[in-house]
Amino acid sequence: VASHARPLRLRWLLNALEEQTLPRESWNVVVVHDYDPATAKRVLERHGLWDAGILRHVGIAPGTGSPARQRNLGWRSAEAELVAFTDDDCRPEPDWLERLLAAARRAPGDVLQGATRPDPLEAGVLAAPHVRTMLIEPVGPFAQTCNILYPRGLLERLGGFDERAVTGEDVDLSLRARAVGTRISPAPQAIVNHAVESHTLPGILRQNLKWHHLAYLVKRHPELRQELPLRVFWDRDHLWTTVALAGILGGRRYRPLLALAVPYAVRSSRRRGPARRERAVALVETPGQAIRQLAEVAGLAYGSARYRTLVL
Amino acid sequence: VALVHHAFGSGAEPDRLVRDLAGALRAAGHHPTVVTKHRVGSSGVTEGRVPVVRCRGLPEAPLLRRGFAVPLTHLPTTVAALVKGGYDLAQAFSPTDAAAAIAWREIVGRPVIFAPAEPPRRDRVADRRLRLRLLERAVGDSDAAIAPTEECRAGLLRWLAVEAPLLEPADADAHERLYRELLRPAAARGQS
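First to last, the protein sequences are chains A and B.
Going by my numbering, the first sequence opens with residue 1, and the numbers climb by one from there.
Going by my numbering, the second sequence opens with residue 313, and the numbers climb by one from there.
Looking at chain A on its own, in the form it has when it is part of the complex (with noise of 0.2 Å):
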């Protein structure tokens, strides 16, 4: 587990760990993180986990990490055979491990993904406009650490993860895995659930400031634009904004044009739902979502231009 500014999510997930089903003797955890020598004694070692001597942690300068490189640290320090990734903002099921483990047995040697959804106990901040959480159906094209396991060998023989990527470091290793023949198998019981976290509109921007380094993971792997609408565009919110602002510049000259911000506006009004108070609610939250998607097409045009690769 890679752990930055989250110490109390941290601990909820050692909770959550603390209920795993799979006797204790069979697995361990690795903490990396960067906080001070406080947090992480409250934080960490007043645990039942540590108490247990399942729970090990490893800490560096603050400012100083990165998921890659956290991670790298943790998998390169733990002993077992089999690596299980999540993130500090996760609550994996109890059955978790024991559900990864028994699919690990029946398909030696695969990447495994779970499954991972927003968590139902922070359902109710999906109500507000901006919000940050995960939805992953197995095997996802992304194969993101919050679910995943990977053979320890595999991890030797691939070098880790690439700590010159800031961001999408995980779906780069998936991708060279998959590239030595590994595959990627579906392990949907071992659900681990997401935090469902709300920002405000400045908030979100800043959150997603560093995926303009996704177009240096395009750039590293060419066969992902199969995955991406168009071959060009991140995801389908992404291009219809494209689309619709290149629409809302035409009109100007030539009226018609405006024709094509009519996908966006439809799209967006039916974000919420089909009823007429979401979409009511929908409409009135169609500013600040166009600003946020204007703001990440930004973003990735200006990732496009410092990696040399078109990605939008």
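Simulated from the structure, these hints should not be mistaken for laboratory data.
Accuracy of the hints is not assured; some may be wrong.
[To be verified] Derived, one-sided and incomplete: chain B residues facing chain A with beta-carbon distance under 8 Å: (1) Arg377; (2) Gly379; (3) Ala438; (4) Glu448; (5) Trp471; (6) Ala473.
Using N, Cα and C, we set each Cβ at its ideal position, and we do this for glycine too.
Got chain A; can you put chain B on it based on the hints?
Quick look at chain B alone, frame taken from chain A:
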């Protein structure tokens, strides 16, 4: 002493904790006042022998629909009531109450104690917008966190990694010791 609890009078278990503490403090010669939320909003009411200040709030339904941890709309009037009351110290019984008390402390410089009347549970620590932020603020920014029950003490440790001492509401002596300890720096500031 201001005992800040938005749901005072609802008849639930937290009510008993506030009443017990108020009664014990009164018996020990202190002057506790309960500061609570009420949609009517009137002050100077007494319930039993405890003075109660009721702070007006707006309807919470729109905030509830947007996923917020309610109540929130009474916070400005609660802060105003605390400032007006001239209290030495505020004891808050929920994260929302602690938000008001901490805002009051920023104005008057008096200490705040966070004593959650309900034990923190996983399904209640991040289930609504602002819930986690209010909790983090209550724990991190209060001058002291205490547990009025064993369940609260265990919940604070498990979910918030806070080792809070257990101070039962009927134990006025223990509360007084804590109050005096917290008020000492404030008094020193006042003298200088």
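Does glycine 379 of chain B pass the interface hint, meaning its C-beta sits closer than 8 Å to a C-beta of chain A?
Holds: closest Cβ of chain A sits about 3 Å from glycine 379 of chain B, inside 8 Å.
Should the interface hint for alanine 438 of chain B be scored as holding, given a Cβ-Cβ cut-off of 8 Å against chain A?
holds, 5 Å
Holds or violated: is there a CB of chain A closer than 8 Å to the CB of arginine 377 of chain B?
holds, 7 Å
Minimum beta-carbon distance criterion (8 Å), glutamate 448 of chain B to chain A:
Since the shortest Cβ distance to chain A is 7 Å, the answer is holds.
Restraint satisfaction for alanine 473 of chain B [CB to CB of chain A, less than 8 Å]:
Result: holds, 5 Å to nearest chain A Cβ.
Does the closest beta carbon of chain A sit nearer than 8 Å to the beta carbon of tryptophan 471 of chain B?
holds, 7 Å
Violated hints: none; the structure is consistent with every hint.
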